[in-house]
Structure formats: C-alpha cells, structure tokens
Amino acid sequence: MDDKELQQFEEALRQSRPSRLPEGFANRVNAARRKEDEVDNVIDARDAFQWFRPLATAAAVAVAAFGVILFFSPGKPSSEVVADKAPAATPSSEKGVQVPRGWQPVKAGNIVEDAHDDGIIYSGDGVLSRSIRYEFTDNYQWVNPETGATIEFSIPQESRFVVPVETD
Amino acid sequence: MAESDPADDQWSTWFHDYGPRLLLFARQQTRSESDAQDVLQDAIVRLWKSADKQQESSPSIPDLPLVYRAIRHAAIDLGRKTDRRVRREQSSDYVIDDEREKVEWFGGSNLEEEERNAALEVELQKLPDKFREVLVLKIWGDQTFAQIAESLDISQNTAASRYRYGMEALRKSLKPEQFSF
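Sequence lines, in order, name chains B and E.
All residue numbers for the first sequence refer to the working numbering, where the first residue is 1 and numbers rise by one.
All residue numbers for the second sequence refer to the working numbering, where the first residue is 1001 and numbers rise by one.
To be clear, the hints were calculated from the coordinates, so they are not data collected in a lab.
Quantities reported herein were computed from a predicted structural model and do not represent experimental measurements.
Each residue gets a CB set at the ideal place from its N, CA and C atoms; glycine is no exception.
Treat the hints loosely; a few may be bogus.
Restricting the straight-line Cα-Cα distance to at most 25 Å, the calculated cross-link-like pairs of lysine to aspartate or glutamate (DMTMM-like) are [what the hints assert, rightly or not]: (1) E:Lys1172 x E:Glu1112; (2) B:Lys4 x E:Glu1168; (3) E:Lys1126 x B:Asp3; (4) E:Lys1126 x B:Glu10.
Which chain B residues stay away from chain E? Per the calculated CB distances, all over 10 Å, these [unchecked claim]: (5) Arg33; (6) Ser129; (7) Thr137; (8) Phe153; (9) Pro164.
Make the full structure from the sequences, and use the hints.
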C-alpha cells in the first residue's frame, strides 16, 4: 500500500464516526467531577476545623473554671450545676476564622457532660490538692448553602483540673 | 440560584465534544462497555482533581495526549483488579455472568452505514491491541505520531510502524466496496 492508497483508506475510515455518548453518561461523569469537589470541600472543612480548637479549648477552660467555683459552693449540687450552666454553642463566625470554599460554619461550642471528684491528691511539690475531672463534648456545625448539606462534628474530651486545697 | 462555575462549564462542554472519541479509545482498552465507561469517568475525575490542585483559580482543560494516557492507565489499573477478582471467583464456586453488553463503536444514520460500521468494528477487534490502539488514536483521535507516542509510552517510529502494519491488516480484511478504496 503506497502513501496515496494509505491516505485514501484513512479518509474512508474517517467516514465512520465514533458513536455518541450513551444517554446520561456525560451527566454521570460531570456529576462525578463535582462530587469530587464536594469531597475536597469536606476535607478542607475538616482541616479548617482545626482553627476552632483553640476557641473551643478556651471556652472549655472557662466553663471548667466556672464549674470548679460552683462545685465548691456550699449548698448546691455541684455536678448538676456544672452541667446546667454550660454555655450555649458559640457562634463560629468569629473574626479571623477562614471559611472553606462552599461551606459556612454556623455553630461551634461545647457542653460539660459530667464532672467527677477524684478526691484529694498530693501534687509533686507536696501541695494538697483536689482532682476534678470534666467530660466535655465539642460540637461544630457546617452548612453548604448551595446544596443545603450539613456537617456536624462532635468530639468528646476529658480534662482534669487540680485545685489546691486550703489546709489552714 | 446557584452561580455557575466557568471551569465546570468549560469541562462539561469539552467532554460533550470530545467524549465520543475518548470513549472509543476507552473501549479499545477494556473488556466491556461498563468497564470502558468506568475507566473514562475515572480518568476524567483524576484529571479534574489534578488540574484543580495545580491551578487554584480555573482548572484548564488537559491536552488530549494526557487524557488518552490517563484513560490507558485507568484501564490498566482496572484490568489488574479484574484479573485478581476473576482469579478469586474461579477458585471458588461463584458463577461468573460473562455476558457483555453490546454497544456499537461507530454511529450510522442508515442501514448501509450501520453495516459498514459493524464490519469495521469486527475487523478492528481482530487486530492485535498494539496496532488497534494506534489506529484509533490516529484516525478517530486526530493525534499525531508524536502525540500517540506520548500517550502510549512508545517511540514515534514504533507508533508509525504499528500504524502501517495495522492499516495493511485492516485493509486486507475489509471489503473494498464498503469503504471505497
């Protein structure tokens, strides 16, 4: 087959066109691409969630400190008071929080689930102290306004507070 | 109403235009229509992700040789997985339903074209894979030998010689009156 024949044969073959895409296939592929973006956004949101950790920790410490005061208040059932006085969820639209693409944080906060008095302990420097354990749950909520999808994170954590005891 | 993403629209339009030839290539690389569609989808999603990471603003449409290459790699991955699955199934009592769905590779608008295209498809399938993939890329993929070489990880000379052998074999097997040569 010489070059001219080859060229003619090529042209003849080109008359046959690849068949059209099956019904719905293009939509399926495009949807898969967009879904991949959503997955990326969720991952971004999870990464961005790290920005809330200091905020949540600060709130938890404040609640814990408040709880310690109430725990030692005479005439009040300490554990119940601690749980009841936990603050409402903290709005997450705080200044400096970076919102990931396509998602908006709507809620970030924590509640005290329980408190345990572990009794008197001696700290390293010989000071008599009381050990109190607090169980918290950090809650975060994100919403995608475009799709209405919501992501909620709940992270349980436990903190122990050592409060010096006056022995005078 | 949601704001449309220009990059997304660009990719959708591009896929609408180039999808048929990409799917034809994917069909060469796989054993069934569903595999071909899965492989093509996988390749497109991978390219989208990769383009998105490289360019934060607007993921650009990839070059065709890169797309063909991605399809080929996705097909190889799928082939390995399928081989492992088939081996597992053959070593068990599981019965494999090997009936494959039939899809025309080429579209025809009348009976004559359909017959011609069916004959072409049959003869193409008889060609060795290495000849067929070069032919498909050159004739229906509009790729140069340099681009084919890039897509298939072979030299340009190898691409050209495989093309020549493939065309010779195909020409001998097809009826001249059907293809006007």
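Going down the list of hints, with the structure as the test:
Between the alpha carbons of Lys1172 (chain E) and Glu1112 (chain E) the distance comes to roughly 20 Å, so the proposed pair stays at or under 25 Å and holds. The hinted pair formed by Lys4 (chain B) and Glu1168 (chain E) meets the criterion: a straight-line CA distance of about 13 Å does not exceed 25 Å. Among the hinted pairs, Lys1126 (chain E) with Asp3 (chain B) is consistent with the structure: their alpha-carbon atoms are about 24 Å apart, no more than 25 Å. For the given pair, Lys1126 (chain E) sits about 18 Å from Glu10 (chain B) by alpha-carbon distance, which is consistent with the 25 Å threshold.
Not every beta carbon of chain E lies more than 10 Å from that of Arg33 (chain B), the smallest distance being close to 5 Å; the non-interface claim is violated. Separation of Ser129 (chain B) from chain E is adequate, the least Cβ-Cβ distance of about 52 Å exceeding the 10 Å criterion. Here Thr137 (chain B) stays apart from chain E, with its beta-carbon at least about 34 Å from theirs, past the 10 Å limit. Look at Phe153 (chain B): its CB is around 24 Å from the nearest CB on chain E, clear of 10 Å, so calling it non-interface holds up.
The Cβ of Pro164 (chain B) lies farther than 10 Å from every Cβ of chain E, with a closest approach of about 53 Å, so its non-interface assignment holds.
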